[in-house]
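> Residue numbering for the sequence shown follows the working numbering, starting at 1 and increasing by one per position.
No lab work stands behind these hints: they were computed from the structure.
Note that CB positions come from ideal geometry on N, CA and C, so glycine has one too.
A few of these clues could be false.
[Said to hold, decoys possible] Distance ranges between label pairs, derived from CB positions: (1) Asp444 <-> Leu127: 17 to 23 Å; (2) Ala246 <-> Glu368: 46 to 52 Å; (3) Glu194 <-> Ala433: 51 to 57 Å; (4) Leu184 <-> Lys539: 30 to 36 Å; (5) Leu184 <-> Leu439: 45 to 51 Å; (6) Asn479 <-> His14: 50 to 56 Å; (7) Tyr36 <-> Leu215: 16 to 22 Å.
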Amino acid sequence: MASENPDLKIAQAHTLKPITEIAEAAGIPDDALIPYGWTKAKVDMKKIDRSSDKPKAKLVLVSALSPTPAGEGKSTTTVGLSDAFSLKGKKTVVALREPSLGPVMGVKGGATGGGYAQVVPMEDINLHFTGDFHAIQIANNTLAALIDNSIHQGNPLNIDPRRIQWKRVLDVNDRELRSIVVGLGGPAQGMPREDGFDIVVASEIMAILCLATDLADLQKRISRIVVGYTYDRKPVTVADLKVEGAITMLLKDALNPNLVQTLGGTPALVHGGPFANIAHGCNSIIATNLARELGEIAVTEAGFGSDLGGEKFLDIKSRFGGFSPDAVVLVATVRALKMHGGVKKDDLETENVDAALEGTANLRKHLENIRKFGLEPVIALNRFPSDTETELKAVLDWAKENGYKAALSEVWAKGGEGALDLADQVLAAIEEAGDFHHLYETEDGVENAIETIAKEVYGASEVQYVDGAPAALRRLKKNGWDKLPVCMAKTQYSFSDDPTKLGAPEGHVLHVRDLIPRLGAGFVVALTGSVMTMPGLPKEPAALRMGVDENGNAIGLF
Numbered sequence: 001m002a003s004e005n006p007d008l009k010i011a012q013a014h015t016l017k018p019i020t021e022i023a024e025a026a027g028i029p030d031d032a033l034i035p036y037g038w039t040k041a042k043v044d045m046k047k048i049d050r051s052s053d054k055p056k057a058k059l060v061l062v063s064a065l066s067p068t069p070a071g072e073g074k075s076t077t078t079v080g081l082s083d084a085f086s087l088k089g090k091k092t093v094v095a096l097r098e099p100s101l102g103p104v105m106g107v108k109g110g111a112t113g114g115g116y117a118q119v120v121p122m123e124d125i126n127l128h129f130t131g132d133f134h135a136i137q138i139a140n141n142t143l144a145a146l147i148d149n150s151i152h153q154g155n156p157l158n159i160d161p162r163r164i165q166w167k168r169v170l171d172v173n174d175r176e177l178r179s180i181v182v183g184l185g186g187p188a189q190g191m192p193r194e195d196g197f198d199i200v201v202a203s204e205i206m207a208i209l210c211l212a213t214d215l216a217d218l219q220k221r222i223s224r225i226v227v228g229y230t231y232d233r234k235p236v237t238v239a240d241l242k243v244e245g246a247i248t249m250l251l252k253d254a255l256n257p258n259l260v261q262t263l264g265g266t267p268a269l270v271h272g273g274p275f276a277n278i279a280h281g282c283n284s285i286i287a288t289n290l291a292r293e294l295g296e297i298a299v300t301e302a303g304f305g306s307d308l309g310g311e312k313f314l315d316i317k318s319r320f321g322g323f324s325p326d327a328v329v330l331v332a333t334v335r336a337l338k339m340h341g342g343v344k345k346d347d348l349e350t351e352n353v354d355a356a357l358e359g360t361a362n363l364r365k366h367l368e369n370i371r372k373f374g375l376e377p378v379i380a381l382n383r384f385p386s387d388t389e390t391e392l393k394a395v396l397d398w399a400k401e402n403g404y405k406a407a408l409s410e411v412w413a414k415g416g417e418g419a420l421d422l423a424d425q426v427l428a429a430i431e432e433a434g435d436f437h438h439l440y441e442t443e444d445g446v447e448n449a450i451e452t453i454a455k456e457v458y459g460a461s462e463v464q465y466v467d468g469a470p471a472a473l474r475r476l477k478k479n480g481w482d483k484l485p486v487c488m489a490k491t492q493y494s495f496s497d498d499p500t501k502l503g504a505p506e507g508h509v510l511h512v513r514d515l516i517p518r519l520g521a522g523f524v525v526a527l528t529g530s531v532m533t534m535p536g537l538p539k540e541p542a543a544l545r546m547g548v549d550e551n552g553n554a555i556g557l558f
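Could you build the full structure based on these sequences and the hints that come with them?
Have a look at this one:
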């Protein structure tokens with residue numbers, strides 16, 4: 001039934017420090033700590049002194065090349081790099097996203113790193129943790145129930161049931177719930193209508209939680225959510241329903257960031273978890289700012305490649321958070337490079353230097369993208385057991401010949417000790433003053449933002465608005481919502497909207513099929529290609545290999 005996993009064995013064998021000791025090392029006062037057992041806690045942000053004028057920590061963003069089924073180890077590199085900074089005597093705090101049960105039970109597995117570069121307790125973090133996702137799920141679905149109840153109780157807001165925009169959510173990949181019909185069974189059961197579920201990490205509530213700066217901002221953002229339209233096509237918001245207070249109340253504890261630790265003892269803030277292919281892909285602004293206030297160096301990551309989470313961190317999160325990275329790390333692997341160079345997954349164990357170098361076209365595009373923001377990237381070549389010395393040397397030589405900082409990362413096997421050279425390269429990059437700027441200005445409009453991202457970041461030749469997108473664009477302009485940042489929902493596997501086009505395709509057409517206003521989050525979601533907001537499970541989900549032993553310890557979790 002279940003199989004053992006080295007990551008899980010390493011995590012279970014580790015002796016964790018009491019969370020009070022981690023908090024003390026981070027500089028978190030005793031009265032701000034809300035323990036959830038002795039290995040994890042929430043941080044009461046009301047008890048954190050925000051008035052200090054001491055310099056903020058240097059912020060390091062970790063991104064990656066376009067992901068492949070071979071795996072890249074971005075979270076592993078992020079954690080290992082944080083431990084390397086700690087080993088160098090730098091007071092370091094790492095800020096990460098919380099894992100979703102969708103990928104945990106599906107293909108990807110957990111999101112706590114791997115080997116000797118993990119955040120722990122990994123079992124708790126990868127499963128129910130402190131209940132943040134459950135709070136977001138119930139808040140989202142309570143709002144859905146209140147919308148339908150308003151219609152059932154006489155519909156005082158004149159909501160058109162055919163134009164309700166708010167979906168229910170569930171934190172599992174469940175394709176059966178993408179399109180459903182609700183309200184069957186007669187007048188007492190509500191008005192029948194088509195509906196559907198998204199995964200929790202695609203909920204606007206998740207995005208709002210991660211972009212809010214405090215409780216008041218959280219409630220203000222919730223009040224702005226557009227839940228649907230009236231029969232005469234006017235928007236209906238949560239403020240119109242008068243339930244923003246109730247929804248905020250359900251999220252008041254979830255708004256506080258979670259404190260855990262790495263295997264190396266580095267304090268870790270794990271909070272929020274929007275997907276990067278269908279949402280903005282970054283942990284909370286609150287956690288990132290807390291990391292910046294507590295440490296000398298704050299390390300964080302953005303989901304998938306620099307074209308998705310990286311671009312959204314720099315154009316959305318940085319814009320709302322009022323900060324920018326002092327250095328950017330791009331994670332690459334020989335395995336991923338070989339896949340982008342045309343090698344099939346089953347053949348990755350065979351040495352192929354030419355394919356690895358061919359795949360650097362994808363890496364180069366990501367590096368060029370980071371430079372377009374005025375930042376200088378550092379390549380972390382994350383070592384896998386099947387990599388040969390010849391392949392690794394070829395890639396590192398390519399980086400040097402093309403003027404890029406690069407270092408081998410061996411954090412899976414060695415923890416922080418395996419990233420000391422990488423840490424030196426990042427520290428050197430921090431010392432080189434950058435000229436950070438956003439890729440577009442919001443006042444130039446949504447169409448300009450989409451075209452800029454498509455052409456500059458994706459290498460597209462044009463943008464085509466298809467299906468419901470033209471009408472949605474007109475609606476944005478009519479309501480004055482066309483001056484917001486854009487959150488692109490796109491496949492993570494390719495720069496194009498076709499997941500089969502690996503490498504660095506150019507001259508392709510980006511197809512935008514819908515534009516969804518997320519006024520609470522403060523951006524417009526542009527749905528491209530066939531990306532879905534409720535994924536499905538694979539033929540052999542990871543859940544088939546999971547279980548518990550006689551003592552209740554997890555088996556097969558990774």
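> Against each hint, give a clear statement of whether it holds in the structure.
We went through each hint and held it up to the structure:
Between Asp444 and Leu127 the beta carbon distance is about 44 Å. The supplied range of 17 to 23 Å is therefore violated. Range check, Ala246 to Glu368: about 47 Å between beta-carbon atoms, so the 46 to 52 Å window is met. Checked against the given bound of 51 to 57 Å, the beta carbons of Glu194 and Ala433, roughly 54 Å apart, stay inside it. Range check, Leu184 to Lys539: Cβ separation about 32 Å, and the 30 to 36 Å hint holds.
At about 47 Å, the CB distance of Leu184 to Leu439 agrees with the hint of 45 to 51 Å. The hinted window of 50 to 56 Å between Asn479 and His14 holds, with their beta carbons roughly 52 Å apart. At about 20 Å, the beta-carbon gap between Tyr36 and Leu215 stays in the expected band of 16 to 22 Å.
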